[in-house]
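Student: These protein sequence lines map, in sequence, to chains A and B. One point on numbering: in this note's numbering, the residue at position 183 of the first sequence is 183, and numbering is uninterrupted. One point on numbering: in this note's numbering, the residue at position 178 of the second sequence is 178, and numbering is uninterrupted.
In short, the hints are calculated from the structure, not lab data. Glycine included, each C-beta is placed from N, C-alpha and C at the ideal position. Fair warning: there could be bad hints in the mix.
[What the hints assert, rightly or not] Cross-link-like lysine-lysine pairs, in silico, DSS-like; alpha carbons within 25 Å at most:
no.: 1; chain 1: A; residue 1: K18; chain 2: B; residue 2: K135
no.: 2; chain 1: A; residue 1: K48; chain 2: B; residue 2: K18
no.: 3; chain 1: B; residue 1: K135; chain 2: A; residue 2: K135
no.: 4; chain 1: A; residue 1: K135; chain 2: B; residue 2: K48
no.: 5; chain 1: B; residue 1: K48; chain 2: A; residue 2: K48
no.: 6; chain 1: A; residue 1: K48; chain 2: A; residue 2: K18
no.: 7; chain 1: B; residue 1: K18; chain 2: B; residue 2: K48
no.: 8; chain 1: B; residue 1: K48; chain 2: A; residue 2: K140
[As the list claims (entries may be wrong)] A short, non-exhaustive set of chain B residues, derived as facing chain A with CB atoms under 8 Å:
no.: 9; residue: K48
no.: 10; residue: V188
no.: 11; residue: L193
no.: 12; residue: R196
[What the hints assert, rightly or not] Output of the computed footprint for chain A on chain B, the stretches with three or more beta carbons under 8 Å from beta carbons of chain A:
no.: 13; region: 122-128
no.: 14; region: 151-160
There are 2 protein chains.
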Amino acid sequence: MRISELSRTSGVPVPTIKYYLREGLLPSGERTGRNQADYGDEHLRRLKLVRALVDVGGLSIAAVGEVIGVLETSDIVTHQVLGVVQRSMGPDEPPAADPDAHAEVLDFLARRGWERMADDPAVQSLASVLSTARKLGHLKFAGQLDAYAEASVGIARQDLDYVLLHSQVDDVLESMVIATVLGDAALVALRRLAQRDASARLLGEE
Amino acid sequence: MRISELSRTSGVPVPTIKYYLREGLLPSGERTGRNQADYGDEHLRRLKLVRALVDVGGLSIAAVGEVIGVLETSDIVTHQVLGVVQRSMGPDEPPAADPDAHAEVLDFLARRGWERMADDPAVQSLASVLSTARKLGHLKFAGQLDAYAEASVGIARQDLDYVLLHSQVDDVLESMVIATVLGDAALVALRRLAQRDASARLLGEE
Chain A
1 MRISELSRTS GVPVPTIKYY LREGLLPSGE RTGRNQADYG DEHLRRLKLV RALVDVGGLS
61 IAAVGEVIGV LETSDIVTHQ VLGVVQRSMG PDEPPAADPD AHAEVLDFLA RRGWERMADD
121 PAVQSLASVL STARKLGHLK FAGQLDAYAE ASVGIARQDL DYVLLHSQVD DVLESMVIAT
181 VLGDAALVAL RRLAQRDASA RLLGEE
Chain B
1 MRISELSRTS GVPVPTIKYY LREGLLPSGE RTGRNQADYG DEHLRRLKLV RALVDVGGLS
61 IAAVGEVIGV LETSDIVTHQ VLGVVQRSMG PDEPPAADPD AHAEVLDFLA RRGWERMADD
121 PAVQSLASVL STARKLGHLK FAGQLDAYAE ASVGIARQDL DYVLLHSQVD DVLESMVIAT
181 VLGDAALVAL RRLAQRDASA RLLGEE
């Protein structure tokens, strides 16, 4: 299809598609003339993924580029890819944590047997969260981590089952991105609903 | 203390404190002279909460104003407040969902007995997530919701226990805000760690 049809079908304006082509987020079409190229279903599919990462995931164009780069590398094993995909989707730079909060996180990792992940950027995020809680006088908030982690293990098992429904490498990687980005948004929404439900039951009827 | 000391103790620059005062995020100090006012511990505490909402929660100044407004209203019951706090912390406007995705979410609410929350903004977010998944050809992603919801119920129970550790109305409301904002950040980080752990176990060693 021509770029105009790709735009109509995807709902993405032509100038935006050209921008994605220049940034390498979308592979070039097959050249069919001096100023013309032909695009296929794989372009349509990629375009939808880019829009999902930007609109739902709130990723910057640079972060989308990193994720796409990983999607296009098929000679690294699935497990390694997960780390790269997650890093490019993590928060930019969490505020620095105080030493007490950092020590609390290391204790927590030890309790779960997760010490080998001490260098993961997610550990910095956790330390930063606890650091803020301490500054606000919420010293007991650290006690939430164990129950949160327990719930997260169930979620992660489910995420992995979903990813493993897909057998092609491309599909596995794409489903990781989808499960991570859409899963974050879904969990935030579900936690709100579950809180409202629990609060209605415990604190009174609506 | 003077505004300069409030700034030193909190680490928030004087012009920023003055901005918060103008926006009503911080109550005025006690006037002690023509151009001087005295600030107390409650100002320091409020200032830290505002910084946490902005830095950790990523809230806009307008959204912080809404949350503070709720914190200062003590004649509504705790359960009603939860809804107001959550709404001011929700995503601005989720992309519109297609009717199929919306129907999937209503089915899901019926399965859980959560129909009475059909108007909650979180339901719009869920529909928007499923809509995006469908557009990307991930029709099976909707199947994740039940397991995610199960995990969220455990998390919400824990959140509520935390909130109920506090007995003063002010403290209850503040702890709701803290648990919601910091809890979101903590859960995103823990889900990443749990995924990496599950993936290392299932797909191979690091």
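Student: Each hint: holds or not?
Tutor: Results for each hint:
no. : hint              : verdict
1   : A:K18 <-> B:K135  : holds, 21 Å
2   : A:K48 <-> B:K18   : violated, 45 Å
3   : B:K135 <-> A:K135 : violated, 43 Å
4   : A:K135 <-> B:K48  : holds, 7 Å
5   : B:K48 <-> A:K48   : violated, 41 Å
6   : A:K48 <-> A:K18   : holds, 15 Å
7   : B:K18 <-> B:K48   : holds, 15 Å
8   : B:K48 <-> A:K140  : holds, 17 Å
9   : K48               : holds, 5 Å
10  : V188              : holds, 6 Å
11  : L193              : holds, 5 Å
12  : R196              : holds, 6 Å
13  : 122-128           : holds (count 5)
14  : 151-160           : holds (count 10)
In terms of the numbered hints stated before, the structure departs from hints 2, 3 and 5, listed from lowest to highest.
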